[in-house]
Amino acid sequence: MKKTKKASKAKKPRVGIQSITGCAGCQLSLYFIEDVLLELFDKIELVAAPMIKGKNEEENYDILFVEGSVSSKEDLENLLKWRKQAKFLIALGACASHGCMQSMKHMMHEEEVEAAVYNKFPSDKRLKPITAVPLHKHVQVDFYIPGCPPDKEEIERVLKWLLQGIKPRVYDKAVCHECSLKENYCLLDQGIECLGPLMNGGCKALCPDYNHPCTGCRGMLDDANLKSGKEILRDKGFDPDLMIKRMTKYNTLQFMEFESKPKEEKK
Amino acid sequence: MRVSLRKRKSKNDKNKIFEFTKAKLLGLKIKDFVVSNKKQDLKMPSINLNHICKVEGHGSLHVEIKGSKLIKCKLGTVEGARFFEGIVKGKRHDDVQEITSRICGICSCAHTVASLQALENAMGVKVSEQTRRLRELLSIGERIRSHATHLYFLALPDYLGYESALAMVSKYKKEVLRALHLIKLGNNMVQRIGGKEMHPFTSVIGGFTHVPDKKTVKYLQAELKKALPEAISTAKLFLKLKQPKFEAEKDYLALNPEKDSPLISGDLISLSSLNIKPAEYDKFIDEEVMPYSTAKFSKLNGKLFCVGSLARINTNYDKLSPTAKQLFKQAKLELPIHNPYYNNLMQAIELVHWVERGYALLDYDFRFEGLPKVKARRGRGVSAVEAPRGILFHDYTINEKGVVEKCNIITPTAQNLRAIEDDVRLLIEQMLKQKKKKYKIILEVEKLIRAYDPCFSCSAHFLKVKWVKK
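Going line by line, the protein sequences match chains A and B. Quick note on numbering: our numbering labels position 102 of the first sequence as 102, and the sequence is numbered without any gaps. Offset between the second sequence (1-based) and our numbering: plus 1000.
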């Protein structure tokens, strides 16, 4: 036993938690695994976590969590720098994996949106932001932990898997799967605009369980049938415009990709 | 070349090398200390310090010094702008809360409540006593978590001379475990009432989609009772800490808790005895956009002001719970307090107050009132809410379909930015007069900024200090 302990001490993986533009909520949910936090952090060497540490290294990460979306030049520079130093990069949260709220600008008039905030300021002196995109648009991402905020139990699980050298698994069933296991009365049948059938689960169907419609914070299913999903929602009498606004709340880019796919096939 | 090299090895340079090693120990990056190649600058190097950590978000501080005089001091947020006020435009009323809550992870409940109340005001929706209670409980849960995180993880390591709370574990395990327990309590409250630990969703316009059952209420009450001694020992811990001597007079703004819930409704009052209705906030608070920052800066009636725990206690000391008052008396302070470092202590005292208030609020028979239904109406609504860091304004104008036409959000940190900037300037000037070393000044500045508990996510991420010495 003693030997293995010594061996593990020598080989403590170097873990970093970095963030770019976002709400810092994903990082917090990582620190909020209260009961096992100290135990878990004892098994790793936390080399970078600017939010709670004063001393941060920027080299040789074994595992690196990155939260937030790329929304400025500096974000991009940092991300590229970190990618070179990281062996296993995990996109933490909805911003990093799908773009989240700030990426909604892709489907709106960008100048109008920006004017609503900085209208009094001359345009040439304004800080010019990049419209937010998730990490995988710029760098290779090894694993995603989606969700807004991500499930802290999932973070714990993934970290434990990685520490044991097991490749983490992706949850790829619809929200409806877990929702029906909880024996909930379907919200769609009650006339509430729920997006459960199209969206990725793994969240224990929290929202539908509390009578709140799913809005898809964990991203769309890879094989989501958007066409028939839309038809179902239309048949229920929901406003199609509103439905698109709902679907694009977290996953604007994913939605745009889905929309552009069939057109390519026609060509 | 040789001559210049010899010149470099003066006494000053030895000091410089000493500072390099000091900086290394403190975790500052060596490459941030760039020694300029120009001969003239050899004696006075320009210094770029690129990381100040343990604050929520990315910020920047630009300091220019000539001799022993401070020329420029600009505080800004360099976080990529996300344009929430623009994104909300064109969205239906029931989508707004979900979007605005994402402005900030640590104060998502405050954004949620402010957003919902402003929209309710706009559409003339009235909510039940139970809903108001649950919303306040949501805010209290968030507050306990936020204060505990700030006090133990961001502020305390400075006072005890550690680089992080995790490094404190070997010697101060009890304190770290206490922090984790308080955080867990706050998380539990938010999760059981709001559905998620962050970005709660059960609170919607008109009411709640889910109400905690009796078992949950009992559990939460028991947890709060257990946490009270821990909150008290937190306050006692911060009472023991020595606060630096520093005074900066300014105005303080907080919600007036005379009406039922001090957290989520009421008029605004200031130390200079202004009385402001939330809907008239724009007459008193001026917002400005600065070229060096993605956040907006604010002034109150043309005066410098600050919000947060210190402001709340400076204006509303009488409303504190008896236990909290007793703790305050132990500090032997005179009101009003003008030392921003005391914001930490005030947060610790408030923690006791909120734990007690939460326990009292849970004493209620919560019943599910059915899913709320809302009729859209044209109008404008404003709401002011006490977020953990100060007052948060949400202001919406919606059309008859319930679609948002105009939106304005003023976050607490945006209101504090100017006060922080001014205090930093004062502090640097003071320390330059005392001829303190650079790394010491930087440390103190960091400590001061952290005391304000800035949340740059609301406006921006971690703090970069650009230090130019001319």
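Calculated from the structure, these hints are not laboratory results. Only a predicted model underlies this, so the values are computations on that prediction, with no experimental measurement involved. Built from N, CA and C at the ideal position, the CB exists for glycine as well. Mixed in with the good hints there might be a few duds.
[As the list claims (entries may be wrong)] In the BS3-like style, the derived pairs of lysine-lysine whose C-alpha atoms are separated by at most 30 Å in a straight line are:
| no. | chain 1 | residue 1 | chain 2 | residue 2 |
| --- | --- | --- | --- | --- |
| 1 | B | K1174 | A | K12 |
| 2 | A | K73 | B | K1184 |
| 3 | B | K1126 | A | K182 |
| 4 | A | K245 | B | K1126 |
| 5 | B | K1299 | B | K1072 |
| 6 | B | K1299 | A | K55 |
[What the hints assert, rightly or not] Negatives, chain A to chain B, calculated, CB over 10 Å:
| no. | residue |
| --- | --- |
| 7 | E34 |
| 8 | K87 |
| 9 | P168 |
- request: Tell me, in ascending order, the numbers of any earlier hints that this structure violates.
  value: Those not satisfied are hints 2, 3, 6 and 7.
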